[in-house]
Amino acid sequence: MTELRVDKLSVTVGDATLVDEVSLSIKGGQFAVLLGPNGAGKTTLLRAMIGGVKMTSGSVHLDGKAVPGLDRMKRARRLSYLPQQRSLAWPLPVRDVVALGRYCHGLRGSRPSPDDERAIQRALVATDLVELAERPTNTLSGGELARVHCARALCAEAPLLIADEPTAALDLRHAFAMMDVLRDFAEQGGAVLVVLHDLALAARYATHLFWMKNACLVAGGTLEETLTEARCAEVYGVRTTIRGRSLSVDGPV
Amino acid sequence: MNRELPLNAILASLCIIAVFAACLLGSTPLSVDAVFKALAGLGPETEQVVIWSIRLPRALAALLVGFTLGVSGAALQGLLRNPLAEPGVLGVSATSTLAATVMIYFNVVHLSPWMLPLGAIAGALLATALLAAAASRTRSVVTLILIGFGLSSFAGAFMSLLLNVAPTPFTLADMVNWSLGSVANRSVDDIALALPFIVAGLALLLHERSGYRLLSLGEESAEALGLNPARLRPLTVLGTGLAVGAGISLAGAIGFVGLVAPHIVRPLVNHDPARSLLPAGLLAALLLVLADIGVRLAPTTSELNLGVIAAVLGAPVFVWLVFRREVHRD
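These protein sequence lines are chains A and B, in that order.
Residue numbering for the first sequence is 137 to 389, as defined by the working numbering.
Residue numbering for the second sequence is 83 to 412, as defined by the working numbering.
In short, the hints are calculated from the structure, not lab data.
Where is the CB? At the ideal position from N, CA and C, for every residue including glycine.
Do not take every clue at face value.
Derived Cβ-Cβ restraints for the label pairs, each shown as a range [said to hold, decoys possible]: (1) B:Arg219 x A:Glu267: 38 to 48 angstroms; (2) B:Val401 x A:Ile378: 30 to 40 angstroms; (3) B:Arg219 x A:Met209: 22 to 32 angstroms; (4) B:Val401 x A:Arg244: 31 to 41 angstroms; (5) B:Ala397 x A:Gly205: 42 to 52 angstroms.
Could you put the whole structure together from the sequences, leaning on the hints where they help?
Right under this line is the structure:
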């Protein structure tokens, strides 16, 4: 089972400490949500984890191996990363975009191996895109496009999926659909770490929560341990009412 | 790679037909039979000379330069994720042309006929080295485009300066000839000098092409998927510099072909930037060979420059593409 372990990770740029000694770990089967207000350092933390941003100190280990030293292709096969900025320069057909996720398995041209075919099909099914597979991406809606990006991340069949605001710009129904896809992935043994801004969505889906504020991790653990009205007030400055997995935001503190 | 094969086969066949047509047509039209005989080294000597020393090298030069510009244009568009990119955008063409012009102006070409092509290659490599240095330091392609713009502006201004103070009308005509692009009077030797650089540059671009497909998703995603953009960027610049520099040494600056050809083939390859390289090269080659036949047959008092035809036909297409792009955006 996959395990990502982050130990005292810090990122400093000039005088600014963007991430301050953050430690956390995620295992297969867990659906972890990273919470925190804008500028708390969530995206920088994710980027540092996958090696996109150089960490100043600390370490990241994926299944016991240090991530910065990991070969790109190997890393991509073990860890799928869906960045916040999800651009598509050309109107490729949906299936071709999803197939890009197989690059780390050696898919270069337009002749996928049986393994590639199977993975592409599975990703299309999981994200409910089978009927749109041949459509050019410039004819899709925002919700459909978000699923395409999710599908190509799933297509790598990496046991760990890290996504930065996968529900950004999605309406409620599409946001739930996206979270369902991610939850299915976790329930099948995958590890999920996503950044979310929607507290209610996080409360409904997460098994684990990590709270960031001012570059520091202020709390981390299971949903039951860390989701409290006091913490929402402390980290986000909002009043909330929490009943089990149901959370409503009542207004600013 | 199967899906692109018919398109490439069709375009390659058309290229061969076009080169044959270029041998056929001219001020003294030859029969099909005569062209075949001359190509085989048979028949009257004058016809062999016409084919082997004049028409065939010229057609091959157009073919080679077109192929170079088409592949380079498609590669740069893939790298920069911008359908409006072409060798000219990065300032490689302009810098290379300037270097060639300097060779003419300071009479370096009289030392050896090789100085002209060598100068053009040096100019292109200088531009690409500068871009490569910048590319390894910045993650932004916008920066690269801006550097290209700066290089083009500098080269353009310097060209104007040289043209303004040109000592005799003869050098002026020479320099104009160079900056407008032509494949007239090219010999097999000229092609032989440019060929290794072109082959090396294009082989590099074609080898790296799958990276351009991944870059469709943006650099951060491509990197997460296993690509190394920090390696792809300078390699593309190097490949483009070598091929385009050598191409310019052969034919001068010919614009818009590298921009128009990828645009035309893109819908035929499902907008896949990787699969567009080869057909874009073949189409650009075809277009230049046909344009050069047109230049030779046009009833003008002095022969038109190939680059002029390319710009006259290509520039409106370019403007139309920009227009359409604006309309289609959201």
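To see whether the hints hold, each was checked on the structure:
One distance hint, 38 to 48 angstroms for the beta-carbon pair arginine 219 of chain B and glutamate 267 of chain A, holds here, with the actual separation near 45 angstroms. Between valine 401 of chain B and isoleucine 378 of chain A the beta carbons are some 59 angstroms apart, a value that contradicts the proposed interval 30 to 40 angstroms. Evaluation of the 22 to 32 angstroms hint for arginine 219 of chain B and methionine 209 of chain A yields a pass: the beta carbon distance comes to about 25 angstroms. Between valine 401 of chain B and arginine 244 of chain A the Cβ separation comes to about 36 angstroms, which falls inside the hinted range of 31 to 41 angstroms.
Taken as a hint, the range 42 to 52 angstroms holds for the pair alanine 397 of chain B and glycine 205 of chain A, whose Cβ atoms sit roughly 51 angstroms apart.
Comparing the model with each numbered hint stated earlier shows that hint 2 is the single one that does not hold.
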